[in-house]
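Student: If you want the building blocks of each chain, they are given just below.
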Amino acid sequence: MLTTAPDAPLASSESSQIRRLPREGTFRLLFTTPIVLLAGAVALYLWVQTRELDSVEQRILNSTQLGLALRQHLVLVGASTAVVLLIAVPLGIVLSRPSVRRIAPIVNALVVGAQSIPSFGLIVLFALTLGFGAQYAIYALIISALLPVLSNTVAGLEEIDLELKEAASGIGMTRGQVLRRVELPLAVPVVLAGLRTAIVWNVGTATVAAFAGAGGLGTVITVGLIQNRDVVTVVGGMLTAFLAILLDHFARVAQELLKPKGL
Amino acid sequence: MTDTFIQLDNLTKTFPGTTEPAVDELSLDVCEGEIVMLVGPSGCGKTTTMKMINRLVEPTSGRIIIGGQDVTDANPDELRRSIGYVIQQGGLFPHMRVRDNVAAVLQLLKWSSTKISQRVDEMLDLVGLDPAVYRDRYPKQLSGGERQRVGVARALAADPPIMLLDEPFGAVDPIVRERLQDEFLRLQREICKTIVFVTHDLTEAIKMGDRIAIVRDHSAVAQFDTPARILAKPANEFVRDFLGENAELRALSLLEVTSDMLSTLPSISVEPGEVDPARAQGPATVVIQDGRPVGWVTADASDRTFLPVEPLVLGPRTHLADAVGQMVRVGAPAAILVDEAGQLVGCLEFSAVPRAVVHAAAGSAPKSDRVDKKVADADHRA
Chain A
8 MLTTAPDAPL ASSESSQIRR LPREGTFRLL FTTPIVLLAG AVALYLWVQT RELDSVEQRI
68 LNSTQLGLAL RQHLVLVGAS TAVVLLIAVP LGIVLSRPSV RRIAPIVNAL VVGAQSIPSF
128 GLIVLFALTL GFGAQYAIYA LIISALLPVL SNTVAGLEEI DLELKEAASG IGMTRGQVLR
188 RVELPLAVPV VLAGLRTAIV WNVGTATVAA FAGAGGLGTV ITVGLIQNRD VVTVVGGMLT
248 AFLAILLDHF ARVAQELLKP KGL
Chain B
4 MTDTFIQLDN LTKTFPGTTE PAVDELSLDV CEGEIVMLVG PSGCGKTTTM KMINRLVEPT
64 SGRIIIGGQD VTDANPDELR RSIGYVIQQG GLFPHMRVRD NVAAVLQLLK WSSTKISQRV
124 DEMLDLVGLD PAVYRDRYPK QLSGGERQRV GVARALAADP PIMLLDEPFG AVDPIVRERL
184 QDEFLRLQRE ICKTIVFVTH DLTEAIKMGD RIAIVRDHSA VAQFDTPARI LAKPANEFVR
244 DFLGENAELR ALSLLEVTSD MLSTLPSISV EPGEVDPARA QGPATVVIQD GRPVGWVTAD
304 ASDRTFLPVE PLVLGPRTHL ADAVGQMVRV GAPAAILVDE AGQLVGCLEF SAVPRAVVHA
364 AAGSAPKSDR VDKKVADADH RA
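Taken in order, these protein sequences are the chains called A and B.
Position 258 of the first sequence, counting from 1, maps to 265 under the working numbering, and the rest follow consecutively.
Position 248 of the second sequence, counting from 1, maps to 251 under the working numbering, and the rest follow consecutively.
Among these hints, one or two may not hold up.
To be verified - In silico lysine to aspartate or glutamate, DMTMM-like type, Cα no more than 20 Å apart, as pairs: (1) B:Lys210 with B:Glu170; (2) A:Lys268 with B:Asp103; (3) B:Lys143 with A:Glu263; (4) A:Lys172 with B:Asp103; (5) A:Lys172 with B:Glu81; (6) A:Lys266 with B:Asp139; (7) A:Lys268 with A:Asp168; (8) A:Lys172 with B:Glu170; (9) B:Lys143 with A:Asp168; (10) A:Lys172 with B:Glu61; (11) B:Lys143 with A:Glu166; (12) A:Lys172 with B:Asp80; (13) A:Lys266 with A:Glu166; (14) B:Lys236 with B:Glu251; (15) B:Lys210 with B:Glu35; (16) A:Lys266 with B:Asp103; (17) A:Lys268 with A:Glu190; (18) A:Lys172 with A:Glu190; (19) B:Lys210 with B:Glu251; (20) B:Lys143 with A:Glu170; (21) A:Lys266 with A:Asp255.
These are calculated hints, taken from the structure and not from any lab test.
Work out the full structure: start from the sequences and follow the hints.
Tutor: Following this line, the structure appears as structure tokens:
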């Protein structure tokens with residue numbers, strides 16, 4: 008019905024060309040890190056092969072023992088991170104609602120307080136008071152990794168343009184619809200950035216869980232340190248680092264995939 | 004004028020933590036199918052006033068009556084689905100494609116997906132965007148003007164009787180803004196929505212408004228009238244200041260030239276290619292060639308000169324400013340007006356111009372055919 012073509016001849020001031028959304032090279036994103044990690048793992052393996060291993064070293068540096076430690080480590084990290092997500096995201100949503108803004112600083116102080124306890128101390132404390140085992144180590148990991156996800160959830164929701172939220176209510180969305188259709192999708196990248204921090208954090212902290220009898224790659228490192236076997240310590244440390252980088256990579260890929268398009 | 008459609012009755016808004024009300028006992032009636040402009044300095048409460056209509060801001064006291072129904076306590080979410088809302092930049096959701104942005108209200112109203120996609124294309128066509136090209140784009144891939152169009156399409160999708168526009172064209176450059184304004188006016192002539200339009204731009208208010216509410220502090224209405232009458236006769240010092248100097252000159256571009264303003268001046272007919280100034284009779288004589296007026300012969304005591312003129316066509320698009328422009332351009336004391344066929348209808352003498360302005364200030368509102376047409380449409384519908 009409007010007869011003029013949209014942004015027709017006069018439109019030099021207004022370019023209506025399609026602007027391509029910037030997209031990182033998919034191949035580079037997906038494969039660079041795994042390839043580097045694989046090369047590192049092969050190098051580590053070859054290095055260990057050149058060494059004459061004594062009986063102590065042989066007992067731990069085999070696929071059964073290392074596989075077990077790796078699996079235990081993954082369980083510690085996976086379980087704690089999953090629970091962190093389940094607690095921190097809903098809590099972050101609640102804290103970003105205008106009606107509870109007043110108590111937000113209190114909750115924030117509590118979480119920051121929990122964060123400031125050294126996680127080593129927390130794991131040992133839980134082991135001594137609650138008992139030994141993976142379960143209690145996971146509790147400690149949850150507490151120490153809560154903050155990055157919580158604060159990123161709150162930040163991600165609060166940095167959304169106020170006018171945009173008002174536009175959403177203005178066209179008739181209920182509060183829940185504004186949250187689900189506008190706020191949460193737009194906050195996803197920031198929440199996932201917090202999650203990545205939490206994962207890397209937990210992979211490192213979980214090595215301490217060996218002291219609480221929770222197993223994991225920490226066991227390998229501890230054996231190396233106590234028995235004064237450098238090869239074992241190096242292998243344990245390197246595997247932990249590889250795991251951290253790999254999981255971070257997966258989270259990074261997830262971040263790319265889940266990021267709302269159009270931003 | 005048609006019936007009142009939106010009635011704001013003694014609305015007051017005092018924000019928590021403040022003692023001064025942002026809006027103080029405002030009453031305003033908006034008629035069905037008209038564009039009411041809220042214009043005033045920033046911070047005067049005009050946006051707050053508008054947001055009380057769709058209850059984004061809850062009034063502290065007062066009533067809001069829409070279409071005879073008191074909606075002051077109605078469910079705000081449902082109310083808003085029946086009121087189109089456009090803000091600067093369109094307020095588009097950056098993570099949704101154009102089609103999902105336009106469909107947003109329809110989804111809330113639970114339309115079926117086939118009906119929605121049909122309606123989305125219809126709406127994009129309506130605002131002048133080719134659905135095949137724009138449907139799947141993200142807001143980031145659009146220019147400012149295109150975003151604004153999508154914003155209007157979204158607001159219109161559910162065919163709400165009312166639209167609220169909050170500085171919708173504020174974020175685009177002047178050329179695009181003017182085109183969007185023209186298109187919006189053309190669109191409005193077909194859709195006949197009841198529109199409340201907030202702007203801080205007086206020129207925009209004059210151009211777009213059937214009536215303008217000039218708002219001062221605490222949303223007190225300093226004057227509420229048609230643009231022509233406000234310009235010709237500011238109600239008080241505040242309005243005069245707000246309009247700035249020479250408001251009357253702006254009025255000239257709003258007032259149509261009508262046949263009763265015209266007078267008949269002496270004319271001569273000449274052969275093609277032959278103009279003889281000596282044949283002129285009065286101080287100014289219209290020269291007619293082949294039955295069409297082509298210019299003036301003006302006569303001072305000493306010399307007579309021929310002044311070629313491109314006559315104006317008498318009609319709804321010809322305003323006093325055009326006539327005065329012709330006089331100044333040509334250097335003649337009157338403007339020549341013709342009918343559609345190019346035949347001389349009469350001349351507008353300069354002395355008739357101020358009379359027309361005074362006449363407009365005193366009485367009827369000769370803004371344009373818009374209001375009358377809408378009244379006719381409304382009658383037709385009823």
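Student: None of the hints should be skipped; say for each whether it holds.
Tutor: Structure-based check of each hint:
Straight-line distance between C-alpha atoms of lysine 210 (chain B) and glutamate 170 (chain B) comes to about 14 Å, which keeps the hinted pair within the 20 Å bound. Taking the CA atoms of lysine 268 (chain A) and aspartate 103 (chain B), the gap is about 13 Å. The hint holds against a cut of 20 Å. This hinted pair checks out: lysine 143 (chain B) and glutamate 263 (chain A) have alpha carbons roughly 18 Å apart, not beyond 20 Å. Between lysine 172 (chain A) and aspartate 103 (chain B) the alpha-carbon distance is near 16 Å, which keeps this suggested pair within the 20 Å criterion.
Proposed proximity of lysine 172 (chain A) and glutamate 81 (chain B) is supported: the alpha carbons are some 17 Å apart, at most 20 Å. For the suggested pair lysine 266 (chain A) and aspartate 139 (chain B), the alpha carbons sit about 18 Å apart, so the restraint of at most 20 Å is met. With a CA separation close to 17 Å, the supplied pair lysine 268 (chain A) and aspartate 168 (chain A) stays within the 20 Å bound. For a cut-off of 20 Å, the pair hint linking lysine 172 (chain A) to glutamate 170 (chain B) stands: about 17 Å separates their Cα positions.
A threshold of 20 Å between alpha carbons decides the hint, and for lysine 143 (chain B) with aspartate 168 (chain A) the separation of about 15 Å falls inside it, so the pair holds. For the suggested pair lysine 172 (chain A) and glutamate 61 (chain B), the alpha carbons sit about 16 Å apart, so the restraint of at most 20 Å is met. A distance of roughly 18 Å separates the Cα atoms of lysine 143 (chain B) and glutamate 166 (chain A); the hinted pair therefore holds under the 20 Å criterion. Proposed proximity of lysine 172 (chain A) and aspartate 80 (chain B) is supported: the alpha carbons are some 14 Å apart, at most 20 Å.
This hinted pair checks out: lysine 266 (chain A) and glutamate 166 (chain A) have alpha carbons roughly 16 Å apart, not beyond 20 Å. Distance check on the hinted pair: lysine 236 (chain B) and glutamate 251 (chain B) sit about 8 Å apart at the alpha-carbon level, within 20 Å; holds. With a C-alpha separation of about 19 Å, the suggested pair lysine 210 (chain B) and glutamate 35 (chain B) falls inside the 20 Å cut-off, and the hint holds. Proposed proximity of lysine 266 (chain A) and aspartate 103 (chain B) is supported: the alpha carbons are some 17 Å apart, at most 20 Å.
Simply put, lysine 268 (chain A) and glutamate 190 (chain A) have alpha-carbon atoms about 14 Å apart, close enough for the 20 Å limit, and the pair holds. Distance restraint check for lysine 172 (chain A) and glutamate 190 (chain A): the Cα-Cα separation of roughly 8 Å lies within the 20 Å cut-off, and the hinted pair is therefore satisfied. Only pairs whose Cα atoms come within 20 Å are accepted, and lysine 210 (chain B) paired with glutamate 251 (chain B) is accepted, the gap being roughly 15 Å. Note on lysine 143 (chain B) and glutamate 170 (chain A): the hinted pairing holds, with a Cα-Cα distance of about 17 Å set against a maximum of 20 Å.
At roughly 16 Å between alpha-carbon atoms, lysine 266 (chain A) and aspartate 255 (chain A) fall within 20 Å of each other, so this suggested pair holds.
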